[in-house]
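Residue numbers (numbering that gives the first Met the number 0), protein chains in the order written: chain A, 0 to 318; chain B, 0 to 318; chain C, 0 to 318; chain D, 0 to 318; chain E, 0 to 318; chain F, 0 to 318.
Errors might be hidden in some of the hints.
[To be verified] Covered stretches of chain B, as calculated for chain C (at least 3 residues, CB under 8 Å):
#1 61-67
#2 185-199
#3 278-284
#4 301-311
In short, the hints are calculated from the structure, not lab data. Even glycine gets a Cβ: it sits at the ideal position worked out from N, Cα and C.
Protein chains: 6
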Amino acid sequence: MDRREVVRGTVRRMEPIKAAAAQLAPELFDRDRTIEKACSAIAEAGRNGARLVAFPESFVPGYPYFAFLLAPTQINRYVATLYREAVQVPSPATDALCAAAKSAECYVVMGMHERRGGTLYNAQLFIGPDGAILGCRRKLMPTSHERMIWGRGDGSDLSVYKTELGTLGGLICYEHANALFRYALQVQGEQIHVATWPGGMPGINSIIDAAARSYAFEAQAFVINVTSVLTEASLAALEPELRDQLKVGGGYSGILTPRGDWLAGPQLEGEALLYAELDFARIDAIKSIVDSAGHYARPDVVQLKLNRKPQSPLDDGST
Amino acid sequence: MDRREVVRGTVRRMEPIKAAAAQLAPELFDRDRTIEKACSAIAEAGRNGARLVAFPESFVPGYPYFAFLLAPTQINRYVATLYREAVQVPSPATDALCAAAKSAECYVVMGMHERRGGTLYNAQLFIGPDGAILGCRRKLMPTSHERMIWGRGDGSDLSVYKTELGTLGGLICYEHANALFRYALQVQGEQIHVATWPGGMPGINSIIDAAARSYAFEAQAFVINVTSVLTEASLAALEPELRDQLKVGGGYSGILTPRGDWLAGPQLEGEALLYAELDFARIDAIKSIVDSAGHYARPDVVQLKLNRKPQSPLDDGST
Amino acid sequence: MDRREVVRGTVRRMEPIKAAAAQLAPELFDRDRTIEKACSAIAEAGRNGARLVAFPESFVPGYPYFAFLLAPTQINRYVATLYREAVQVPSPATDALCAAAKSAECYVVMGMHERRGGTLYNAQLFIGPDGAILGCRRKLMPTSHERMIWGRGDGSDLSVYKTELGTLGGLICYEHANALFRYALQVQGEQIHVATWPGGMPGINSIIDAAARSYAFEAQAFVINVTSVLTEASLAALEPELRDQLKVGGGYSGILTPRGDWLAGPQLEGEALLYAELDFARIDAIKSIVDSAGHYARPDVVQLKLNRKPQSPLDDGST
Amino acid sequence: MDRREVVRGTVRRMEPIKAAAAQLAPELFDRDRTIEKACSAIAEAGRNGARLVAFPESFVPGYPYFAFLLAPTQINRYVATLYREAVQVPSPATDALCAAAKSAECYVVMGMHERRGGTLYNAQLFIGPDGAILGCRRKLMPTSHERMIWGRGDGSDLSVYKTELGTLGGLICYEHANALFRYALQVQGEQIHVATWPGGMPGINSIIDAAARSYAFEAQAFVINVTSVLTEASLAALEPELRDQLKVGGGYSGILTPRGDWLAGPQLEGEALLYAELDFARIDAIKSIVDSAGHYARPDVVQLKLNRKPQSPLDDGST
Amino acid sequence: MDRREVVRGTVRRMEPIKAAAAQLAPELFDRDRTIEKACSAIAEAGRNGARLVAFPESFVPGYPYFAFLLAPTQINRYVATLYREAVQVPSPATDALCAAAKSAECYVVMGMHERRGGTLYNAQLFIGPDGAILGCRRKLMPTSHERMIWGRGDGSDLSVYKTELGTLGGLICYEHANALFRYALQVQGEQIHVATWPGGMPGINSIIDAAARSYAFEAQAFVINVTSVLTEASLAALEPELRDQLKVGGGYSGILTPRGDWLAGPQLEGEALLYAELDFARIDAIKSIVDSAGHYARPDVVQLKLNRKPQSPLDDGST
Amino acid sequence: MDRREVVRGTVRRMEPIKAAAAQLAPELFDRDRTIEKACSAIAEAGRNGARLVAFPESFVPGYPYFAFLLAPTQINRYVATLYREAVQVPSPATDALCAAAKSAECYVVMGMHERRGGTLYNAQLFIGPDGAILGCRRKLMPTSHERMIWGRGDGSDLSVYKTELGTLGGLICYEHANALFRYALQVQGEQIHVATWPGGMPGINSIIDAAARSYAFEAQAFVINVTSVLTEASLAALEPELRDQLKVGGGYSGILTPRGDWLAGPQLEGEALLYAELDFARIDAIKSIVDSAGHYARPDVVQLKLNRKPQSPLDDGST
């Protein structure tokens, strides 16, 4: 039933798999309840046959809207809450996600605030269907107001994960604006790309649309594009000073072919699990025309110089 | 009136300039008549205040539709015609274009078949308002059937042109699918990007749309997006074996902001000179959020390694 | 009269020099008028015998108070102004400063917003008494809200300048919180350190006080500590939304001995040029007890690994 | 009741703990009576709810004031006494301290002269509430006259201790003047820093003040700052040749927030146990702005190279 | 009465002990009678309160003067005698010495020809007051003519013995000329050093003098310096061909302080047991100035690499 | 006349050379006058046929007697003078010495306070007969009170100089107490060793005597042993607080054979240039018996591990 072929270490699926984009609203600033909600969604996706389910940027415990809606002088208590509600790896929070993934026999890509030492990161956690953590990548460059909240990842955060479904990769939000970040994944043979965004900001939907479609085409990869969405409930949970500046809606989740066409979505309003079949023959079809890291590359002229080394301010010879 | 500021060798315009995208149909396979048509368009654009006018991919003497519509066994005579009608640099054909540019006081970016030695190239010719040739760049990687027609450029074809209007660059068609080609221009401070496409193939309009919008955003540059278009006249000029497989229309020209929004176009049908005002304050605005080759870059992690050296099969120490 | 000794490339002054800290308010958001004001202050300092005069952080055209007082959604027009009023190097603005330095026969260290390409930097410009630019260093890591405004410097920004007055170095604001940034200057033999801060934020005066005193002692160097200050005039120049959140005062400029004692200042209120005599015998006295990069160092145990290489996203072999 | 969270091996306390700085005078040159006095203080601190109590530099059996007050030709008999009254690890003296720590359920950091082989060291002994010795660090670089008394530690003396209270570290006196020594602790996630000083030298109080406040801020850690103090009794115990050159007082103990503000002290006169509540949320608050070894670090530019290896003049392959 | 303190495994005596240097003449070439004579001397030393008594180089059965006084062609029969009269460990000869040591409650260091397999070694046998053999070290490098008689020791012969008296070590004759051999003992904390020499060669007395005094100072250890001596009786026992080339006298035994001053001796003529009190406070006094393997070492620059492994021409994996 | 042989890079003199030990008193604390005096002595030595002349420890501008005669609290003004009167390399002071060496056609080894950056070192300057500086070695470990004055050298200070006279090396004062420092020179083939001492401290003459004789023998090298001496004039130049604690005399200069015998000196009183002929055949003679780094070494058992690398607290890849 489940047939695949391994080409130089990279899986080429012989029959489609089902993937899901979870356009959900977090329980804002509440790590444990959001984890619970995520686990339910994973279970549902699994029941519906999805082998992979992806969640929005910083889903646990929610995007820091306060950071652009309020003056920096006003955000201290929100930041303190984030430090408390951020996710550590590993911790009971990730244990719960791993258990859900295992139970649903499903790959999970979770957007979350990760805490390492005294710094928060905008991270994507990759979990396998065996409940093991594949990795946790940090956004390399937070955007504008986000730089007050998150630190920066490094070259170790530009890896892909070779799985039995194919090669998975991910980027977060405006990381898609940097051609070198994108190419770093593409050149490693990425086949399924998880693009995550905060949601709740309809003003950037046209940017998301172009980025998702363009990424699929230039990577010749499926894109699971996931945003969060604002619901009545999530607005109700916010302080008035934030709620009054936001609106219900602002989703733009969906799934795209390796040519950049929408297979599912984009879904603009409401919570939804969006599903699509990923038929890997589509990758072959487009790569026969344009294989950006293969016959369409010009390594004699342009190369990506990638420093994969984790960066630490301490060099005590232990790494 | 015309105020600008020089920032480390790069012009920052203080007031908008007008640019034009020339969605025109060539006089197919007739270099001289197409040049004539181009010169008229340049004059018209100049009269309308444009300081820059860009023409479609391989405008002189027209895109080789035959290369994908006919079996390769059937294309010899078309190819022979192309060799004859291609443009050499310099030649009376380029002299005419230069004169037109000078007369219109206008920068011109012309798509054309360039012949160098025994090889044709898919080229973009850049001409200044003083009638001088700035350069002639060759597409680095022709796509699929095009590889039967055109050779490949090299690192010398990934330059930008620092002009009094700002920094100009260009890519042709699926060169936009390669992130490294794109970044090569962006990292050099490109402010106005000329993206050219053949036109006449509505099937790839969604790809053009995503590429143009995405390029603008990731480069934080204006994009002059130019396709040709098929008209009744151009179809009439074709052999039936080609004509019957094509349709009137297939344009997608327009001009985009550095955020990826359409200022003019996209124009799907008919010949047209599309105009827009380029206000460089828009570049500042978006770059303050995402400057892909500045504060948003991570040179400690990813770098573009660019070999600018012209490639020649002969190394006699002369370069 | 002016006697000095050269010790392994480093000047050891035999008689005191006079230095000045210019606690001034900029003409907010007006580059040209602020430059004019700076030039007057340089002339005055020169007349009073100062051989070195230092100006506050981002003096030209003023600290972006808006960035922490307003919500990020409200700051676009202020940012646009900054892009316009920032200083390019070289430009007429720096030409004016250089001329003033030459005329006053004075070293000048100027805090300013520098624009390079599409990115602004929080920079310190070092000018010699011959009117030549010694260098322009960029803050390596903007702080919190500042990350919405400024990019990041690199290892080329951790140099010192060997001058006939002695070895000069500088750091900006919370760069003083990073021990490695500090030691990078100290290990290069820094003798006069220019520490700059925005001013106008009395809440951090205790941090400035500890940082300046501690720096002097650990570097065994004189510290010229310079903040701006808010005056009635500067508040009047601000939009009400900013003015209402700020108060007159907030200075903390002064000059410290290499043991960390105040020679002049700290000056809390009002504009002032603060002067002090720097007697280099004081450096010897403290270094005989603690020479952090000499007899008190333990290079067998701890070393600073400094990557001086300028970082560029483009590697085309040209550097 | 006692809640804490483990972040990548580092404890993050969820509720405050109480710490104590023991500004006491030793029974000069009498190891056993000083140990007895220390044990009483540990018991008292424990009764008052302290979970950590820190003692001054070289508390057992007292700072060698003679080394700077007398000519080196006069100090032999004092040195001989020190060799006899120094502490060995382990020994009955450390057994007594360990028992006191266990009985008080308290972490203890004890300043002492440690004897190893033929050399004395200026050491800090760390004891856990279970009565076990965590480690004993030696000052890396004695200062001036101290170099006649103490040997030098090595990279093994720059460790921190991960405990259930949080991550503890310590430095002694002018070790605080070396930025690399300081950063070595900070980069290992230090949360509570024990800074010890001799006391009895009011002339350096301004240096202690700046060092303690600056350390706290740059480490984003609590600082337990401990000095000894001279009492009538301690002066009476001294030989006249020393007593006549010293004065009662000279304390500067206290406890500081991770922002560098005094929570308790500084206490200038008299013996006292100073207490403060350490609320770890304060660490989060300041780290969200400046995390020197996290989001505020620039490992791509500056790194601390730390050689942790114990140094021995013998390499017989046994380590 | 007998108080001592253990410092990291090394004894620090709190009150002096008495040591003896046995400047005796052997019963030449007669093992058993020489052993007998040694046992008497041990008994006498014990009666006189000595806790340690040391004997000259190759005391049993005497130094091979023949090896330099006769032509090698003439020495065969002397060598044959040596093979017969050499000491094996253990054997009745060592049993006798052990019994004497036990009876006298005295440490004994005995110089002797040791026979192992087919090779003789120049050895020092260490016996405890309990009559047990502590070890038997072999001279690492015989000198000149000695190389015709003795084999060479290895790294297992550079050990020290930690005893209740303190740490004992020994070297033989020109082993003292090799700085690394010496440092090998010193770095292991040697406190009492037994230096042995043949005696009977007054020409090298100045070398012995410098070596013994220098060793004491550089080791900060007591030195028991022991030579044999030629008496009328010993000369009478020799063949004329040897006797005629030697003279009565040639002793240089004595005991030195850790500063290199003579406490007893040097004794030039006649047999004698020389005694001295070893007051370990003298070690502290000099080590406070120079501790060659402690605060005066530079392990970051120079280290002794010591291969302690016994060397065997067979490697069958058994060690 | 001047014959020599080169053996594996090391000169073996075929005929004696004359060397001189300059037992002189400096013009205390006056660099320039002391240099002048040294130059006269060099000239005189040259006239008398010396090819090498060595000066005492810290000759320029004199040993810091104050550092052990006065309490550390009293020495600041003396230290300040030392910083001013120390020698920089190169500087007019070393230029004068070089000129004198060249004029006298003589190697010169000069003891001096060297200033590098903010630290003083106890250094030996080696100058060739061509007036070029061969090197300047720093004492690796100052002794006791000296640690208040001087920093520490590193492995680059344990080099020897291969000259046409033979291989020269040097150690300063109690560096001779560390067997590894000594062996570091010996193993490099040292033939002429310059041992320098302060002079003026007759209490350590027995240590100097043993050290010099022992060194010669263990190195199988000539030793030029040089101390300063106190004269009426030098005492008169001192402040009473120092003068009253010192006495005229205290010299111990001389020249020794490679067997440790005095060829000239030791000279206890008065200024003198001591001369001796160095006949290299003496080295051969002793080395045939004991060659510590040759046939008498046991590299299979003991090796000196020498880290020659200069140590710097900065590692910026430039070395």
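Can you give the numbers of the hints that this structure goes against, from lowest to highest?
Violated hint: only 1; rest satisfied.
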